[in-house]
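**Student:** Using the sequences and the hints given, assemble the complete structure.
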Amino acid sequence: MATTMHGHSAPRLFGRERTLHAALGGRRAADIILWRDKRASAAILAAATAAWGLFEVAEFHFLTLVCYAAMIGMLVFFIWSNASSFFNLPVPRVPDPETLLSERATRQAIQGAHRRLSRLVETLYDIACGKDIKMFILTVFSLYIASVIADCFSSLTLLYLVVLGAMTLPALYERYDSEVDHLVARGVHDLRTHFADMDSGVLRKIPRGAGAAAK
1 MATTMHGHSA PRLFGRERTL HAALGGRRAA DIILWRDKRA SAAILAAATA AWGLFEVAEF
61 HFLTLVCYAA MIGMLVFFIW SNASSFFNLP VPRVPDPETL LSERATRQAI QGAHRRLSRL
121 VETLYDIACG KDIKMFILTV FSLYIASVIA DCFSSLTLLY LVVLGAMTLP ALYERYDSEV
181 DHLVARGVHD LRTHFADMDS GVLRKIPRGA GAAAK
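Start counting the sequence shown at 1; every next residue gets the next number (full-length UniProt numbering).
These are calculated hints, taken from the structure and not from any lab test. Glycine included, each C-beta is placed from N, C-alpha and C at the ideal position. A hint or two may mislead.
As the list claims (entries may be wrong) - Between beta-carbon pairs, the in silico distance windows are:
| no. | residue 1 | residue 2 | range |
| --- | --- | --- | --- |
| 1 | Leu161 | Phe141 | 30 to 38 Å |
| 2 | Gly26 | Phe86 | 29 to 37 Å |
| 3 | Tyr144 | Arg116 | 20 to 28 Å |
| 4 | Arg116 | Ser147 | 27 to 35 Å |
| 5 | Phe62 | Ala150 | 19 to 27 Å |
| 6 | Thr49 | Ala23 | 22 to 30 Å |
| 7 | Arg107 | Thr49 | 45 to 53 Å |
| 8 | Phe62 | Ala40 | 18 to 26 Å |
| 9 | Cys67 | Leu138 | 44 to 52 Å |
| 10 | Leu63 | Arg27 | 32 to 40 Å |
**Tutor:** Next comes the structure, spelled out in structure tokens:
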């Protein structure tokens with residue numbers, strides 16, 4: 001049951017009306033992010049942690065690690081192929097690339113990324129035109145905070161933190177969604193109150209451009 005505020009149910013995060021699983025697409029990716037498929041989720045998180053440890057902590061170079069992996073793989077295949085005739089073992093086979101990643105899945109992923117990128121550029125353009133001065137200030141402030149955070153970490157560490165957050169925060173939110181929605185609703189209410197005070201005292205006195213005035 002959702003946590004209530006002043007007798008009313010707290011609104012869900014981002015105003016969503018569907019379940020979190022449905023909001024994430026409702027497919028295998030959502031199952032992995034929400035740990036419905038614990039084996040795949042643990043494997044992805046372990047692989048990301050291992051990659052971050054090798055490249056960031058142990059300071060391995062990517063090309064060096066690829067060469068080592070290729071040498072070990074070739075050595076294993078060489079020993080296995082030559083020993084199969086003596087121990088009656090099956091000859092190792094390389095999986096078909098079509099079974100690992102189909103052309104259709106690749107095209108759909110690229111088209112989906114293109115749609116999201118186009119939507120993001122269009123949204124940033126509308127904000128930059130000054131149609132909503134509150135959203136403009138909030139966006140600039142958010143980009144500044146993101147630049148400060150990015151300056152504190154290397155690109156690989158930042159990417160690992162994104163993966164770690166994507167693999168942990170949605171699952172934690174699904175478990176404690178009522179409490180999180182309640183806290184977010186209170187925070188949004190306080191933020192809107194501060195913005196209303198700022199709008200009446202400062203923002204309404206800022207002259208608007210022709211494009212914003214026309215809107």
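**Student:** Holds or violated: the 29 to 37 Å window for the beta-carbon distance between Gly26 and Phe86?
**Tutor:** 51 Å, violated
**Student:** Should the hint that Thr49 and Ala23 are 22 to 30 Å apart at their CB atoms be regarded as holding?
**Tutor:** At roughly 26 Å between Cβ atoms, Ala23 and Thr49 fall inside 22 to 30 Å, so the hint holds.
**Student:** Starting from the range 45 to 53 Å, see whether the pair Arg107 and Thr49 falls in it by beta-carbon distance.
**Tutor:** 31 Å, violated
**Student:** Could you check the hint for me, namely that Arg116 and Ser147 are 27 to 35 Å apart, CB to CB?
**Tutor:** 21 Å, violated
**Student:** Does the Cβ-Cβ separation between Tyr144 and Arg116 fall within 20 to 28 Å?
**Tutor:** Holds, since Tyr144 and Arg116 (Cβ atoms, about 23 Å apart) stay within the stated range.
**Student:** Using the beta carbons of Phe62 and Ala150, state whether their distance is inside 19 to 27 Å or not.
**Tutor:** Given range 19 to 27 Å: holds, Cβ gap about 21 Å.
**Student:** Given a hinted range of 44 to 52 Å, is it respected by the beta-carbon distance of Cys67 and Leu138?
**Tutor:** 47 Å, holds
**Student:** Quick one: are Leu63 and Arg27 within 32 to 40 Å, going by C-beta?
**Tutor:** 35 Å, holds
**Student:** Kindly confirm whether 18 to 26 Å is satisfied by the beta carbon distance between Phe62 and Ala40.
**Tutor:** 24 Å, holds
**Student:** Just tell me: holds or violated, for the beta carbon distance of Leu161 and Phe141 against 30 to 38 Å?
**Tutor:** 21 Å, violated
Of the numbered hints listed earlier, those contradicted by the structure are 1, 2, 4 and 7.
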